[in-house]
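S.K.: Protein chains in written order, with this note's numbering: chain A, 1 to 308; chain B, 1 to 308; chain C, 1 to 308.
Because the hints were derived from the structure by calculation, they are not lab data.
All residues carry an ideal CB built from backbone N, CA and C; glycine is no exception.
Possibly wrong hints are sitting among the right ones.
Here are a few chain A residues that face chain B, going by a calculated C-beta distance under 7 Å [what the hints assert, rightly or not]: (1) E88; (2) D101; (3) L301.
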Amino acid sequence: MNLSTHHILGVEDLNNQDVELILKTAENLKEISLRPVKKVPALRGKTILLCFFEPSTRTRASFEMAAKRLSADTLNFSASDSAINKGESLLDTVRNLQAMDPDLLVVRHGFSGIPHLLARAVRCPVINAGDGLHEHPTQALLDLLTIQNIKKKIKGLNVAIIGDIAHSRVARSNILLLTKMGVKVSVAGPASMMPAAIDQYDVEVAYDIREVIPKADVIMMLRIQRERQDACRFPSLREYARFFGLNKQTMKDAKKDVVIMHPGPVNRGVEIAPEIADSPHSVILDQVTNGVAVRMALLYLLCGGKEI
Amino acid sequence: MNLSTHHILGVEDLNNQDVELILKTAENLKEISLRPVKKVPALRGKTILLCFFEPSTRTRASFEMAAKRLSADTLNFSASDSAINKGESLLDTVRNLQAMDPDLLVVRHGFSGIPHLLARAVRCPVINAGDGLHEHPTQALLDLLTIQNIKKKIKGLNVAIIGDIAHSRVARSNILLLTKMGVKVSVAGPASMMPAAIDQYDVEVAYDIREVIPKADVIMMLRIQRERQDACRFPSLREYARFFGLNKQTMKDAKKDVVIMHPGPVNRGVEIAPEIADSPHSVILDQVTNGVAVRMALLYLLCGGKEI
Amino acid sequence: MNLSTHHILGVEDLNNQDVELILKTAENLKEISLRPVKKVPALRGKTILLCFFEPSTRTRASFEMAAKRLSADTLNFSASDSAINKGESLLDTVRNLQAMDPDLLVVRHGFSGIPHLLARAVRCPVINAGDGLHEHPTQALLDLLTIQNIKKKIKGLNVAIIGDIAHSRVARSNILLLTKMGVKVSVAGPASMMPAAIDQYDVEVAYDIREVIPKADVIMMLRIQRERQDACRFPSLREYARFFGLNKQTMKDAKKDVVIMHPGPVNRGVEIAPEIADSPHSVILDQVTNGVAVRMALLYLLCGGKEI
């Protein structure tokens with residue numbers, strides 16, 4: 001069975017069979033990371049280019065780890081060492097990389113749509129590892145795998161996404177993927193962080209997190225991207241933490257078996273209190289583990305890996 | 001058959017047999033990059049140190065790709081993470097790296113002659129990946145391979161090199177290599193960009209590109225290195241583009257089957273118009289592809305690779 | 001035989017059997033770096049994370065080389081591309097990396113005790129590659145291997161350590177390791193560079209290097225860390241070089257077969273004159289070679305490598 005798409009540019013391009021195939025493949029590959037020898041020769045002789053035009057820790061490391069567990073070679077390529085500083089266009093840079101015959105390109109960029117632009121310029125598959133305020137499909141897929149692992153089902157669940165909905169590609173990809181898979185999604189956050197066009201999505205909107213927490217099976221907290229906030233969208237971090245952060249007080253009406261997720265990096269004491277981040281409800285580190293598995297699955301499926 | 005030289009410091013050190021052996025080996029290895037499994041075990045267990053003391057995209061990536069396709073390990077080493085910042089001399093840094101028993105050193109440096117200095121300090125082979133205004137031998141070799149691929153011959157061709165001849169190591173290495181191989185070379189550019197000692201080379205010199213274009217089988221455009229120009233050598237980029245750039249107007253008397261080359265990164269609209277860079281005459285991306293092949297050949301020949 | 005410790009956080013955690021096992025294993029593995037194919041499959045499928053939160057050349061390269069010679073995969077992770085810049089705590093960063101199931105963490109950090117903190121947060125072994133002013137255990141082990149190689153014994157030797165004793169983790173680890181192994185250690189340097197608590201160690205203290213040089217079998221020079229000196233601890237580099245640097249004059253009463261060591265990077269003309277650094281007494285480059293062997297041994301022993 002194959003994916004219906006040559007690239008992973010966004011959740012929008014995936015149909016339900018694709019999503020199920022990705023999750024199933026990830027489940028199968030996950031076991032490799034628990035072996036003493038964490039490596040299979042599935043992608044031996046394949047070269048994966050990691051083009052991170054925005055700084056990244058976990059996502060780059062996760063893709064690199066995934067590639068190496070499948071025996072692929074990786075080549076890191078960042079904005080700072082790029083010919084773009086010498087006046088070359090991004091398209092020319094990528095056409096040049098393509099001319100070296102890589103097997104797959106992973107791209108993160110601060111501008112929305114760049115992975116789509118590049119996908120049209122190269123022959124090999126492109127995976128979007130986050131583009132501007134647009135999409136972060138591998139994050140949504142690993143979140144879905146995490147939910148399925150714990151809740152043993154997806155359809156019919158109630159997921160609350162809390163925080164800066166307007167400026168989060170994680171929120172956007174999750175809303176699209178979860179609603180596609182039959183999840184009831186509610187979003188909550190300050191009005192200044194709610195996208196103007198939120199009513200175009202099939203989600204419930206709240207401006208008080210106490211409205212969404214009691215019925216949520218899963219709560220996804222978004223990171224306050226302090227380094228990206230160009231304008232002040234709330235009076236203070238302290239006030240944000242009090243009204244929109246997850247803590248003992250705001251959690252008091254939550255379900256007993258509620259699952260807490262966060263894409264990381266966590267601002268402890270801002271969007272989530274340390275005692276919640278470290279509580280048994282939190283699956284933040286499972287998300288990271290599943291991230292490697294989902295990326296292995298995508299590399300495997302897109303590069304036409306041999307029998308595992 | 002072996003190279004007559006232990007290092008590749010410049011085109012000057014290569015005799016005609018060396019050049020032919022390199023091109024032949026590159027042709028043989030090129031096919032590997034087209035396989036589904038792009039890897040042969042020829043250099044398994046060899047370690048290639050990539051020491052780029054100047055920023056670089058394509059050249060570093062090209063060497064890294066070449067090394068990995070031959071199963072060599074690579075270790076990146078850049079100026080910024082170097083002990084040189086702690087007051088160590090460059091020679092000591094390289095002697096230290098040598099003490100870790102690498103099999104080959106690839107060096108790029110902003111000062112002319114640094115690869116030669118280092119070659120005297122280490123036991124392993126050194127490849128010059130560009131030194132100051134001096135030489136860039138692997139670029140000249142990949143250019144030659146590209147010309148041979150398309151024109152099916154080298155000797156007797158007419159090659160025009162256009163641009164900042166004085167400040168281009170690419171021009172210098174190409175002039176030396178092409179004249180050595182029996183090519184008629186002409187150079188053209190503004191008088192301010194022509195080296196004072198240009199008459200020491202066996203080339204025709206012109207200050208108007210219309211003199212060299214009509215008879216050229218191959219036109220090599222040089223990059224205007226905007227980031228290196230410390231003084232203004234021409235009134236404006238616009239004027240440069242008009243009189244020395246390749247565009248429909250300046251190309252109108254060119255041969256029907258003229259081949260256009262550029263070492264990259266391209267300043268579109270400065271030394272070359274987009275419609276020329278993307279035209280069927282352009283082999284810019286073939287140059288990139290051939291770069292990997294030529295570097296594979298050099299690593300293979302210098303590291304004493306096993307049967308492929 | 002196994003190490004008595006799960007981590008290598010400092011020399012203090014190693015007993016004499018551990019040290020002997022490490023040296024013996026390093027001796028065995030050293031031969032691999034001299035083979036034409038410098039690679040054994042001992043750690044195939046293992047992933048080593050190299051987390052250097054302080055800039056480093058030789059130590060990072062040495063660990064990376066060591067890992068690759070044992071066929072382990074490496075993943076570089078530096079402070080600059082870290083999520084720490086996005087407000088994440090160091091502990092969260094490392095917990096995240098741990099969730100990707102690496103097999104070993106190598107950590108360098110400017111603050112003392114960070115490797116210990118991280119070792120408590122992760123399941124896999126941690127090697128301290130230098131923490132603040134505290135310890136640099138792999139340097140002390142490679143120094144010991146170098147001494148043993150040349151002097152054919154350790155116990156009963158007389159080793160003088162000269163320089164900024166107070167601010168050197170190299171000095172601290174060496175004092176601890178050498179005294180543990182039965183070496184008579186003397187330290188010498190300006191009073192401003194002698195730790196207040198130096199009398200807690202079993203060492204002879206001198207403020208004039210002429211007191212320690214004549215009886216020394218081995219002289220270890222410390223680097224003047226010009227980039228770290230926040231306050232002026234001596235009048236000038238010139239004066240330091242004259243009174244505390246190793247040169248023909250200060251060396252004149254040294255033993256005929258004295259061995260000169262330096263952890264690098266060397267400030268030529270400051271703590272050591274070029275003619276001494278390059279003399280037959282100097283084993284500075286042997287230290288570098290042995291560094292790869294010692295790190296191979298530690299990776300091998302901590303990752304439970306298969307038969308070599």
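S.K.: The structure should be examined with respect to each hint, and the outcome stated for every one.
M.R.: Now for the hints, and whether the structure bears them out:
{"no.": "1", "hint": "E88", "verdict": "holds, 3 Å"}
{"no.": "2", "hint": "D101", "verdict": "holds, 5 Å"}
{"no.": "3", "hint": "L301", "verdict": "violated, 15 Å"}
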